[in-house]
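Colleague: Protein chains in written order, with this note's numbering: chain A, 1 to 570; chain B, 1001 to 1183; chain C, 2001 to 2276.
Hint data in this document are derived by calculation from the structure and do not stem from the laboratory. If you're wondering where the values come from, they're calculated on a predicted model, not measured in any experiment. Hints are supplied without guarantee of correctness; some may be wrong.
FRET-style restraints, in silico, Cβ to Cβ [what the hints assert, rightly or not]: (1) C:R2240 - A:K62: 41 to 51 Å; (2) B:E1101 - C:G2195: 54 to 64 Å; (3) C:F2106 - B:E1101: 27 to 37 Å; (4) A:S147 - B:N1141: 52 to 62 Å; (5) C:G2195 - A:S309: 50 to 60 Å; (6) C:G2195 - A:R481: 47 to 57 Å; (7) C:G2195 - A:D357: 55 to 65 Å; (8) A:R528 - C:R2016: 37 to 47 Å; (9) A:R407 - C:V2079: 35 to 45 Å; (10) A:S439 - C:G2195: 27 to 37 Å; (11) A:S147 - C:G2195: 51 to 61 Å; (12) B:I1133 - A:S439: 49 to 59 Å; (13) A:S439 - B:I1110: 52 to 62 Å; (14) A:E75 - C:A2243: 48 to 58 Å.
Ideal Cβ positions, reconstructed from N, Cα and C, are used throughout, including at glycine.
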Amino acid sequence: MTDVIVEFNDLGFQYRAQAKPTLYTIHLTVRRGEKVLIAGPSGCGKSTVANLINGLIPFSYKGEITGSVRIGGRETGEQSLFDISHTVGTVLQDSDAQFVGMTVAEDLAFALENDCMPQKEMKGRVREIAKILDLEEVLRHAPSELSGGQRQRVSVGGVMASDVDLFLFDEPLANLDPKTGKQAIELIDELQKRTGAAVIIIEHRLEDVLHRYVDRVVLMNEGRIVSDTAPDRLLSSALLSECGVREPLYLTALKYAGVKIREEMHPASLPELSLTEGEKEQVRRFFLENRGKGEKETRPELLTVKNLSFTYEKSHRKALRDLSVSIREGEMVAVVGTNGAGKSTFSKVICGMEKEDAGEILFRGRDFTSLSIKERAEHVGYVMQNPNQMISKVMIYDEVAMGLRLRGVPEEEVRVRTEKALEICGLYRMRNWPISALSYGQKKRVTICSILVLEPEMMILDEPTAGQDYRNYTRIMEFLRSLNQRGITIVMITHDMHLMLEYADRAIVFSGGRIIADKSCARVLTDRDVVERASLKETSLYHLAELCGAPDGTEFVQSFIDYERAHERA
Amino acid sequence: MKKLSVKTIVAIGIGAALFFVLGRFVAIPSPVPNTNISIQYGLLAFVAAVFGPIAGALAGLIGHFFIDFSYGWGVWWSWVIASAVFGCLMGVVTSKLKIEEGQFGTKDIITFNIGQAISHVVAWIVVAPVLDILMYQEPANKVFLQGVTGAIINIIATAVVGTLVCVAYSRTIPKKGSLEEEN
Amino acid sequence: MINLFNYIEKESPIHRLTGATKLVCLLLWSFAAMSTYDTRLLLLLAVLGIALFPVGRIGVRDVSFMLWFTLVFLVLNTVLVYLFSPQHGTQVYGTCTYLFGFSGHFAPTAEQLFFQFNYILKYFATIPFVLLFVCTTNPSEFAASLSRIGVSYRVSYAVALALRYIPDIQKQYHEISQASQARGVELSKKASLTGRLKAASAILIPLILSSMDRIEVISNAMELRCFGKNKKRTWYMAQRFRAPDYLCMLVCLLLLGASIALTYVNGSRFYNPFQP
Chain A
1 MTDVIVEFND
11 LGFQYRAQAK
21 PTLYTIHLTV
31 RRGEKVLIAG
41 PSGCGKSTVA
51 NLINGLIPFS
61 YKGEITGSVR
71 IGGRETGEQS
81 LFDISHTVGT
91 VLQDSDAQFV
101 GMTVAEDLAF
111 ALENDCMPQK
121 EMKGRVREIA
131 KILDLEEVLR
141 HAPSELSGGQ
151 RQRVSVGGVM
161 ASDVDLFLFD
171 EPLANLDPKT
181 GKQAIELIDE
191 LQKRTGAAVI
201 IIEHRLEDVL
211 HRYVDRVVLM
221 NEGRIVSDTA
231 PDRLLSSALL
241 SECGVREPLY
251 LTALKYAGVK
261 IREEMHPASL
271 PELSLTEGEK
281 EQVRRFFLEN
291 RGKGEKETRP
301 ELLTVKNLSF
311 TYEKSHRKAL
321 RDLSVSIREG
331 EMVAVVGTNG
341 AGKSTFSKVI
351 CGMEKEDAGE
361 ILFRGRDFTS
371 LSIKERAEHV
381 GYVMQNPNQM
391 ISKVMIYDEV
401 AMGLRLRGVP
411 EEEVRVRTEK
421 ALEICGLYRM
431 RNWPISALSY
441 GQKKRVTICS
451 ILVLEPEMMI
461 LDEPTAGQDY
471 RNYTRIMEFL
481 RSLNQRGITI
491 VMITHDMHLM
501 LEYADRAIVF
511 SGGRIIADKS
521 CARVLTDRDV
531 VERASLKETS
541 LYHLAELCGA
551 PDGTEFVQSF
561 IDYERAHERA
Chain B
1001 MKKLSVKTIV
1011 AIGIGAALFF
1021 VLGRFVAIPS
1031 PVPNTNISIQ
1041 YGLLAFVAAV
1051 FGPIAGALAG
1061 LIGHFFIDFS
1071 YGWGVWWSWV
1081 IASAVFGCLM
1091 GVVTSKLKIE
1101 EGQFGTKDII
1111 TFNIGQAISH
1121 VVAWIVVAPV
1131 LDILMYQEPA
1141 NKVFLQGVTG
1151 AIINIIATAV
1161 VGTLVCVAYS
1171 RTIPKKGSLE
1181 EEN
Chain C
2001 MINLFNYIEK
2011 ESPIHRLTGA
2021 TKLVCLLLWS
2031 FAAMSTYDTR
2041 LLLLLAVLGI
2051 ALFPVGRIGV
2061 RDVSFMLWFT
2071 LVFLVLNTVL
2081 VYLFSPQHGT
2091 QVYGTCTYLF
2101 GFSGHFAPTA
2111 EQLFFQFNYI
2121 LKYFATIPFV
2131 LLFVCTTNPS
2141 EFAASLSRIG
2151 VSYRVSYAVA
2161 LALRYIPDIQ
2171 KQYHEISQAS
2181 QARGVELSKK
2191 ASLTGRLKAA
2201 SAILIPLILS
2211 SMDRIEVISN
2221 AMELRCFGKN
2231 KKRTWYMAQR
2241 FRAPDYLCML
2251 VCLLLLGASI
2261 ALTYVNGSRF
2271 YNPFQP
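Isolated chain A, as found in the complex:
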């Protein structure tokens, strides 16, 4: 048994269908017991590295490998995919696809079944793993009956079952709410301590992964490894922003305050962060200088909901309980809370996709409930999370024009309105492209455009930036902000605390079918009780404020937001 589990030597890789290589001269070594984070923007090659480690390259995806890839001491080309699977356990990003069993127990047993383990032994092993991961109560449950966190534990259990030497996590935080994401990082940490195996995490959400110690961060950009070093050293360099990876928010705040990030400060971990008195003073001064600069104005109500209730017919689950909330014209609002708290149900009831049991919905003061789903769409547009679920035409122009054509609008007017919408969305020059030629972010833009063409006054977006790297995130959000400035009211359902802080005027917090808070994002994210009940995560800015002795944590967060909005967008 060798200690080195992954060894890439001068590795290059080019997919068969692509004109240029995806990876160049990669040197990477991962030893038993190490915990390594691979970060980088979309398209930097980090998923390709993952596929090379778990054997999907060369066994499922074809292409040309140069240099050497050794897994468990042997070249991957000399092994089979199954051999590699006994060394490397992969937890894929999509926990729905990873969960192939019909129940938790069957999924935990899946790899054991394939290895022909006798049933009796298998049942014992499954019980053992379920005990470790606290899944004993749900062994007979179907995936749809589990929470996001439980589902991820099942994914982990499924690879744990076969005693691997390396756990490979591909974007483990995507699709998890902040609190569950935090627990996932803690779980990975415990898993490693328990098994002594190596862990590789592929993720672009650096701050969340650094919640627990990692040995090294491998930063990738454009197919190359830019840096492979301890997190403290990486964070004290300028490499992250050069590669378009977001640094932890508390470091951004320190930089705004004029504090220089040094390696000795331990910038990778907020609890261990050590600042000099002078630096703390700098932070406090920054706060006092920028305090209370955001201006507020109240505009007329656009959507008013009174005492709204809704129950799912099939499961008799009360999804909304006596909700009352209003959204004002021109606002940009975040709707947050755990999965199943009622956020999506709320937007479906507003759009007429589900029928409320009781309550009033008023739009500009007029009754909205008597309108059909199609009529409501002309006032309130709904954009699904995954653009691929909304696109049904081949060409961009046709996709955007579809809603108008289906409404029998004359073709000449369709052209004028479609071109206008394309113009607003920056897609006009690409109007005759097939949608398949677009990136995920551009597709998102097409789906927003196809809703925008109906000229709604308000748009509800479900997780507008899920799974996007910092660069794409910024592009999508800046685009939404520009729509907002044109007067369109925007409601975003999100798990992303950064998005909320940076872009929303206010947050409406759902928990158990009720609204438990409706106030500024800074107040929500510094309210321990709300944070706990809605599975959010307190922002690190708040802890920074405490650390520096700023008098009012909530206001500190608010002044950071105001400063950022005023400066970043100027």
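Dock chains B and C against the given chain A, drawing on the hints supplied.
Modeller: Chains B and C in isolation, oriented as in the chain A frame:
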């Protein structure tokens, strides 16, 4: 039988699940019993064209079996088998097409549609009625009329739905060639 | 999902049988009922099938929804058979006994009524058993059972995957269809046939294309967990055969034997009371 690849297995499973969902929840009943406007055959034609005859046959068999099974009216084997026959034939007649490589031009559309028409005719006007007579001794004129109606409706449904899905899918496969921005 | 196939979890001798046993019995029973038109055997199967319900602790209320579907279907089919072929009984039994003094093509004959009685009986011979199977077999066990009776494990797993992903796909279909309705897609009867089909495609295309991505990811996930490594695989949900299992399969085998034997004795698949 050649060993099925894991991808084909998954395609059969997902294909059958789609077939079931479309057949069970989207069916619009037509005046003749046992006969629906079944858009699931558009899907099955697509699955068969992309993944081949075995995938087509099994996805049809499993999907249709589950539909009957969930209604609880007894498994109507003659029709279940006819679905499988359609999937299989469809896979055979489209074996020359390369939809998965992004090719689905006018000529391919014609091949696809002639193929699906023949496959439907064989499945619903030959296989299903003959099995009905053999298994259940139903009157011949009744089952043939049901078969002809079914075949016609399914051919129309597959022509529209199947063709559109194939076109859309073939366009998602990246092809080399440059795209230019227009003003 | 849990109730997609109406599985009802209970403790009963029938629930305790292995899924494989029930599957074999279902097949044997179906073939027995399918191959014969002998009134006596059909009656026996119908009575036996209904008698098994209390044994499996399944009440009429548990299956009323499915029963309703079946009855509508049965009535329609019975009427159609009569409309299309009122002389079918005469052809089958070789005699023509007009009833109630009517005569002509559509006049009721004893033979036709007897044929249609048998036709209905044939439903009653199979449907209770299928319903019972549906209610007492855990879908999770289904795939393991298929593999047990000799279907290749790869194909068996395709069945398991279908069962696993039906609820997900159903949910996705629902969401896509709602979003496209908001954009103006209509599936209602107002539209023409091709109009409706085009509308359906607007929903189907995103559904199917995202399913293609799903196929890719799932097959990767399965391969990474060694699916397809060996010629065989074991099943977590498989169950061992016990004495009652063998007994049930034997009984069903005898029923099939009886069905075939009767065809031979009667000289046809029909029991003919009209000819001495």
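Colleague: Look at each hint and say if it fits the structure.
Modeller: These are the hints, each one checked on the structure:
| no. | hint | result |
| --- | --- | --- |
| 1 | C:R2240 - A:K62: 41 to 51 Å | 44 Å, holds |
| 2 | B:E1101 - C:G2195: 54 to 64 Å | 32 Å, violated |
| 3 | C:F2106 - B:E1101: 27 to 37 Å | 59 Å, violated |
| 4 | A:S147 - B:N1141: 52 to 62 Å | 57 Å, holds |
| 5 | C:G2195 - A:S309: 50 to 60 Å | 37 Å, violated |
| 6 | C:G2195 - A:R481: 47 to 57 Å | 39 Å, violated |
| 7 | C:G2195 - A:D357: 55 to 65 Å | 34 Å, violated |
| 8 | A:R528 - C:R2016: 37 to 47 Å | 52 Å, violated |
| 9 | A:R407 - C:V2079: 35 to 45 Å | 43 Å, holds |
| 10 | A:S439 - C:G2195: 27 to 37 Å | 34 Å, holds |
| 11 | A:S147 - C:G2195: 51 to 61 Å | 42 Å, violated |
| 12 | B:I1133 - A:S439: 49 to 59 Å | 57 Å, holds |
| 13 | A:S439 - B:I1110: 52 to 62 Å | 34 Å, violated |
| 14 | A:E75 - C:A2243: 48 to 58 Å | 54 Å, holds |
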